[in-house]
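Participant: All chains, full assembly: derive it from the sequences and hints.
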Amino acid sequence: MSDKIPNTAAFITNSKEDGQFVTVGEAPYTNPSDDQLLIKSIAYAVNPTDWKHVEYGFSQKGAIAGCDVSGVVEFVGANVEGFSKGDFVSSFLHGNTKPDRGAFEKFVVIDPQVTIKYPKKFPVDALKVGEYPAGEIKSFEGAASVTLGLATVGLSFAGNLKISPLKSGNSDKYILIWGGATATGILAIQIAKHIYGLNVVTTASPKNHEFLKSIGADHTINYRDEDVITQLNKFDFSYAFDIVASKETFQQVIDATKNSKHVKVDNLLFLGEKDVSIGDRSGELEFVPPTLAYAAVGYKLDAYGHTWVIDDDTSKRYKEFWFELLPNFINDLKHANLKVLKPGFESANEAIDLLKHDKVSAEKVVFRS
14 MSDKIPNTAA FITNSKEDGQ FVTVGEAPYT NPSDDQLLIK SIAYAVNPTD WKHVEYGFSQ
74 KGAIAGCDVS GVVEFVGANV EGFSKGDFVS SFLHGNTKPD RGAFEKFVVI DPQVTIKYPK
134 KFPVDALKVG EYPAGEIKSF EGAASVTLGL ATVGLSFAGN LKISPLKSGN SDKYILIWGG
194 ATATGILAIQ IAKHIYGLNV VTTASPKNHE FLKSIGADHT INYRDEDVIT QLNKFDFSYA
254 FDIVASKETF QQVIDATKNS KHVKVDNLLF LGEKDVSIGD RSGELEFVPP TLAYAAVGYK
314 LDAYGHTWVI DDDTSKRYKE FWFELLPNFI NDLKHANLKV LKPGFESANE AIDLLKHDKV
374 SAEKVVFRS
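In my numbering, the protein residues as written are 14 to 382.
It is possible that part of the hints are untrue.
[Said to hold, decoys possible] DEER-style ranges, computed between Cβ atoms:
| hint | residue 1 | residue 2 | range |
| --- | --- | --- | --- |
| 1 | K29 | P178 | 39 to 47 Å |
| 2 | V137 | K260 | 20 to 28 Å |
| 3 | P146 | G296 | 35 to 43 Å |
| 4 | P41 | E286 | 43 to 51 Å |
| 5 | K29 | G99 | 35 to 43 Å |
| 6 | G285 | D47 | 34 to 42 Å |
| 7 | K141 | P178 | 37 to 45 Å |
| 8 | Y42 | P178 | 37 to 45 Å |
| 9 | V241 | D288 | 16 to 24 Å |
| 10 | E286 | D238 | 51 to 59 Å |
| 11 | R237 | K332 | 18 to 26 Å |
| 12 | G95 | G38 | 30 to 38 Å |
| 13 | S28 | K141 | 26 to 34 Å |
| 14 | G95 | D240 | 48 to 56 Å |
Since the hints were derived computationally from the structure, they do not count as laboratory data. C-beta atoms are modelled at their ideal positions from N, C-alpha and C, and glycine is treated no differently.
Facilitator: Right, here's the structure in full:
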């Protein structure tokens, strides 16, 4: 390990005040196990889960902040296959909860099962401060913006919804993605269309419709329309995924799929049958286990007052997606629009404020240390 280089990190303050999400300081090095990788981090992305950990009391003061990171492999554990020192990678981890575990750190220990290796190396130079359009992953900033979202989509689609990996069998099936213009929604649309071959129906503001259709959405509907549910009722959905993830939006998903013959529904707020009003339906409604991407690491995880572990079948399906299906598409995958902030872990404060106050749409906020 590069022990002569200071290992700095951004630490959770537990303050809910604007501009006070993290403080920056020196951090101890964490040694990777034989089953892990160590990377020298380069770029970082913020996610709603970061500020929600503080807002809802799941964070720990002094924990290393952040979940999404990209960088260069420094060390490969003895049991790890498929990675080498010098690889360009992106990964995610369950940050904001432990003093030795978080993405916003100079040297980060990561798990291969949630790490993407990029077949093409890209320029190491930092993107200048500003906004960049959605596009293929050609920078560390772009790489940092996708990993947690891809694991979320992969665990939902492959593991929980159990969508068949055979595209030919999905050509007549429809999926509803509620929240298509979110950073995860943008990824979900592409995965649903280009990896699974589904017909994609999504909700979003009209200003984002053209872009969402360009990446794979077949039908885009304004979620603010008074008759949005009526418009969606004409489709026979096989799957539905609520990415916005509130009780209100999950209820809308339930209502929107009432005419579907058999629909599996998933969400990102751990909601289930007890949290919604089912009402009259003409078909079968199936609630799948709610998706928690952190569980994709494959070992038991204590989070949100529960112990999370995915079963062997779900793990097998997820690994097939991550290590077989996704690598064939990663060169064509488009990240969301990027908003690049000035370098420095202190930029995490500005980034969190932008997310928390809904100042970004169809955009991912990224920065370097």
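Participant: The structure should be examined with respect to each hint, and the outcome stated for every one.
Facilitator: Outcome of the hint check:
1. K29 x P178: 39 to 47 Å: Taking Cβ atoms as reference, K29 and P178 lie about 43 Å apart, which means the hint holds.
2. V137 x K260: 20 to 28 Å: Once the Cβ atoms are compared, 44 Å apart, the range 20 to 28 Å for K260 and V137 is violated.
3. P146 x G296: 35 to 43 Å: holds, 40 Å
4. P41 x E286: 43 to 51 Å: Hint holds: Cβ distance 45 Å, inside 43 to 51 Å.
5. K29 x G99: 35 to 43 Å: holds, 41 Å
6. G285 x D47: 34 to 42 Å: About 38 Å separates the Cβ atoms of G285 and D47, which means 34 to 42 Å holds.
7. K141 x P178: 37 to 45 Å: Hint holds: Cβ distance 40 Å, inside 37 to 45 Å.
8. Y42 x P178: 37 to 45 Å: holds, 39 Å
9. V241 x D288: 16 to 24 Å: holds, 20 Å
10. E286 x D238: 51 to 59 Å: violated, 27 Å
11. R237 x K332: 18 to 26 Å: violated, 39 Å
12. G95 x G38: 30 to 38 Å: holds, 34 Å
13. S28 x K141: 26 to 34 Å: holds, 30 Å
14. G95 x D240: 48 to 56 Å: holds, 49 Å
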